[in-house]
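S.K.: Here is what each chain is made of, one letter per residue.
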Amino acid sequence: MVDRKGVVIVGEISNGKLASITTELLNIGRKLADELGEELAALFIGSGMSEAAREAISYGADRVYTIDGPMFADYLTDSYVGALEKFDKQFYPELLLFGHTSLGRDLAPRLAFRLETGLTLDCIDIAIDTETRLLKKTKPIYGGNALAVYVCEGTRPQMASIRAKTMEPAKPDTSRKGEMIPFDPALDKAAIRGKVTGRTKEEVTGIKLEEANVVVCGGRGIGGMEQFQKLEELAWLLNGAVGATRPPCDDKWCPAHCQIGNTGKLVSPALYIGIALSGSMQHIAGMSGSKTIVAINKDPEANIFGVAHYGVVDDYTKVLPAFTAKCKELLSKG
Amino acid sequence: MNMIVCVKEILDPEIPAKLFKIGAETQRAIKPSEIKLVISDYDESAMEAALKIKDAVASKITVISLGSESATNVIRHCIAMGGDEGILLSDPLFIDNDSYGTAFVLAEAIKKIGDYDLILCGRQEGDWDAGQVGSGIAELLGIPSVTIISGIEVRDGKIVVERLLTDGRETVEVATPVLVTVSSEVGEPRYPNLRRIRESYKKEIPVWTAQDVAPAKAKNRMLSLWVPVREAKCEFITGATPEEAGTNLALKLKEAKLI
Numbered sequence: 202m203v204d205r206k207g208v209v210i211v212g213e214i215s216n217g218k219l220a221s222i223t224t225e226l227l228n229i230g231r232k233l234a235d236e237l238g239e240e241l242a243a244l245f246i247g248s249g250m251s252e253a254a255r256e257a258i259s260y261g262a263d264r265v266y267t268i269d270g271p272m273f274a275d276y277l278t279d280s281y282v283g284a285l286e287k288f289d290k291q292f293y294p295e296l297l298l299f300g301h302t303s304l305g306r307d308l309a310p311r312l313a314f315r316l317e318t319g320l321t322l323d324c325i326d327i328a329i330d331t332e333t334r335l336l337k338k339t340k341p342i343y344g345g346n347a348l349a350v351y352v353c354e355g356t357r358p359q360m361a362s363i364r365a366k367t368m369e370p371a372k373p374d375t376s377r378k379g380e381m382i383p384f385d386p387a388l389d390k391a392a393i394r395g396k397v398t399g400r401t402k403e404e405v406t407g408i409k410l411e412e413a414n415v416v417v418c419g420g421r422g423i424g425g426m427e428q429f430q431k432l433e434e435l436a437w438l439l440n441g442a443v444g445a446t447r448p449p450c451d452d453k454w455c456p457a458h459c460q461i462g463n464t465g466k467l468v469s470p471a472l473y474i475g476i477a478l479s480g481s482m483q484h485i486a487g488m489s490g491s492k493t494i495v496a497i498n499k500d501p502e503a504n505i506f507g508v509a510h511y512g513v514v515d516d517y518t519k520v521l522p523a524f525t526a527k528c529k530e531l532l533s534k535g
Numbered sequence: 025m026n027m028i029v030c031v032k033e034i035l036d037p038e039i040p041a042k043l044f045k046i047g048a049e050t051q052r053a054i055k056p057s058e059i060k061l062v063i064s065d066y067d068e069s070a071m072e073a074a075l076k077i078k079d080a081v082a083s084k085i086t087v088i089s090l091g092s093e094s095a096t097n098v099i100r101h102c103i104a105m106g107g108d109e110g111i112l113l114s115d116p117l118f119i120d121n122d123s124y125g126t127a128f129v130l131a132e133a134i135k136k137i138g139d140y141d142l143i144l145c146g147r148q149e150g151d152w153d154a155g156q157v158g159s160g161i162a163e164l165l166g167i168p169s170v171t172i173i174s175g176i177e178v179r180d181g182k183i184v185v186e187r188l189l190t191d192g193r194e195t196v197e198v199a200t201p202v203l204v205t206v207s208s209e210v211g212e213p214r215y216p217n218l219r220r221i222r223e224s225y226k227k228e229i230p231v232w233t234a235q236d237v238a239p240a241k242a243k244n245r246m247l248s249l250w251v252p253v254r255e256a257k258c259e260f261i262t263g264a265t266p267e268e269a270g271t272n273l274a275l276k277l278k279e280a281k282l283i
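Those protein sequence lines, which keep their order, are chains V and S.
Offset between the first sequence (1-based) and this note's numbering: plus 201.
Offset between the second sequence (1-based) and this note's numbering: plus 24.
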């Protein structure tokens, strides 16, 4: 077996800046690399990538690899997996980490099978066992009811994708020095199957749900579109974002991209406030990483109280206006 | 269109949390006796996506499942929904494997079936949420994959899918054979009618064992599995009126420096 070394995180750029998940990966990546006594590198893949990739150095990377070319303008499984396979065969990383994003969810599994190694997706914690140098990967399973820890013993690289907001972001230090290394995987275009023929982007005004420090989430019990919109005021007061369980999205009280849960957004804010929602398994799976959970629901048996730190058992239509007004007063905002 | 749909039988993920327990020795969730096993809901969505294609073009759907004997129930359910054939992959050697081992057995079974244009899987298991098996099967078969789709159709012999992204959707066009993984956004799975349910029970479902399809070694090993114990119980905030409770909640959060 070749001698593998170093931690590589696969970075992402969003609106010309490092994506927040990437600064989180750089932080945990730095820590793991230091524990292993090895280097941390960031790898970016795309077309006409801005100088944003260089920023990864001030966020902790010793080296930044870029795979840049028109054939990587659109994400296609074949081109990205092919490029990373070539990268792996050239640089032999010991650890390969992804964000659990649209990119990571598709790229990481296919790559793991190509490299014939073990991957764990959607980890909320990763750590190095200093004795065995194995990466211990913790992920929620059974809809967040249980946690499992996996290791990959016999094959390399060790791979994981990390859920957003479960790691602290790295703090930039512009005095840090590092190396920029362009890498050409020399892929055969003929081997790329499929093409992207269209794309629609959801317009998000304000703070992105998965990046928000405060999430105000409404459920079926909110009762209607007009009532649902009232959650906006509280979210605005707390510098947060509005989320929803599945029923409000199905009933079009709010856009589909607000949905939090296994099939929607996975959020881990500092403060999550769940209002008039029961807390189905698939919703809990999407928010159980929240640091503090507050629930307002008139049903004391609601599942959400099983995971909440603070709760009010009462009619939200009476509790919420008073709560919002008091928050406004305390924050003297408005 | 020759389609293969991969489905899994799981413990209903919507069971009340207090019924959820892990077996100390088995390192698996214990099935409460009153709770039935169900089809993993994303797999049911995959079946629905296959049926949408069958509604439009003449097709054959083969449903395969890796699991214990009882998994024939979810295969029959899919046949009742509108599937044609079913195969159960069942052998003690298939159990307790990871995503790699599972994808390997399914891919071997698909090779044995031989004739296919489109393979459909759920986007992730409803129990272990691994999210790797679909991509893995495609890689082992050497065919393209498009994951987490919310819509699919056949256009000029090509597969056109709508793929869900964290910040939007994109349309991807790809030639067959191809594998897709399906999300629940594809639409509510149809209910089987009584006649089809009855017919599904007459259907012979062959069982393939490790003698028919070779198992593979796992890549990952599970070190531990546990139900997290919450250190803090929920602190209930009250008041003389609901309004007062709301005010008190705000004060509490301020005191705890949460707002």
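No lab work stands behind these hints, which were simulated from the structure alone.
C-beta: ideal position from N, C-alpha, C; glycine also.
Don't take each hint at face value.
What the hints assert, rightly or not - The calculated DSSO-like cross-link candidates involving lysine-lysine, where the alpha carbons are at most 27 angstroms apart (straight line), are:
1. V:K409 <-> S:K182
2. S:K281 <-> V:K396
3. S:K241 <-> V:K290
4. V:K218 <-> V:K372
5. V:K372 <-> V:K232
6. V:K402 <-> S:K182
Stated by the list, open to error - Every beta carbon over 10 angstroms from chain V, so not counted as near; a handful from chain S, in silico:
7. P40
8. P56
9. K78
10. S94
11. G106
12. G138
13. P168
14. E177
15. V178
16. Y215
17. E228
18. P230
19. T233
20. L249
21. L273
S.K.: Could you check that no beta carbon of chain V comes within 10 angstroms of the beta carbon of S:G138?
M.R.: At roughly 21 angstroms from the nearest Cβ of chain V, S:G138 sits farther out than 10 angstroms, so the non-interface label holds.
S.K.: CA of V:K372 to CA of V:K232, is that 27 angstroms or under?
M.R.: Holds. V:K372 to V:K232 sits at ~13 angstroms (cutoff 27 angstroms).
S.K.: Check the non-interface label on S:L249: least C-beta distance to chain V beyond 10 angstroms or not.
M.R.: violated, 5 angstroms
S.K.: Would you check the hint for V:K409 and S:K182, treating anything up to 27 angstroms between C-alpha atoms as holding?
M.R.: Answer violated: V:K409 to S:K182 is near 35 angstroms, above 27 angstroms.
S.K.: Checking a non-interface call: every C-beta of chain V should be farther than 10 angstroms from the C-beta of S:P230. Is that right?
M.R.: Check passes; 27 angstroms lies beyond 10 angstroms.
S.K.: Going by Cβ atoms, does S:P168 stay more than 10 angstroms from chain V at every point?
M.R.: violated, 4 angstroms
S.K.: Verify that the Cβ of S:P40 lies farther than 10 angstroms from every Cβ atom of chain V, and report whether the claim holds or is violated.
M.R.: violated, 7 angstroms
S.K.: Taking 10 angstroms as the cut and beta carbons as the points, is S:P56 off the interface with chain V?
M.R.: holds, 13 angstroms
S.K.: Beyond 10 angstroms on every Cβ pair: is that true for S:E228 relative to chain V?
M.R.: At roughly 33 angstroms from the nearest Cβ of chain V, S:E228 sits farther out than 10 angstroms, so the non-interface label holds.
S.K.: Is the claim that S:K78 lies outside the interface with chain V correct, judged by CB distances over 10 angstroms?
M.R.: holds, 23 angstroms
S.K.: Report holds if the minimum CB distance from S:G106 to chain V is greater than 10 angstroms, and violated otherwise.
M.R.: Correct as stated: the minimum Cβ-Cβ distance to chain V is 23 angstroms, above 10 angstroms.
S.K.: Any Cβ of chain V at or closer than 10 angstroms to S:V178, or is the non-interface label fine?
M.R.: Answer for S:V178: holds, closest chain V Cβ roughly 15 angstroms.
In summary, the structure is inconsistent with hints 1, 2, 7, 13, 20, 21 from the numbered list given earlier, while agreeing with the others.
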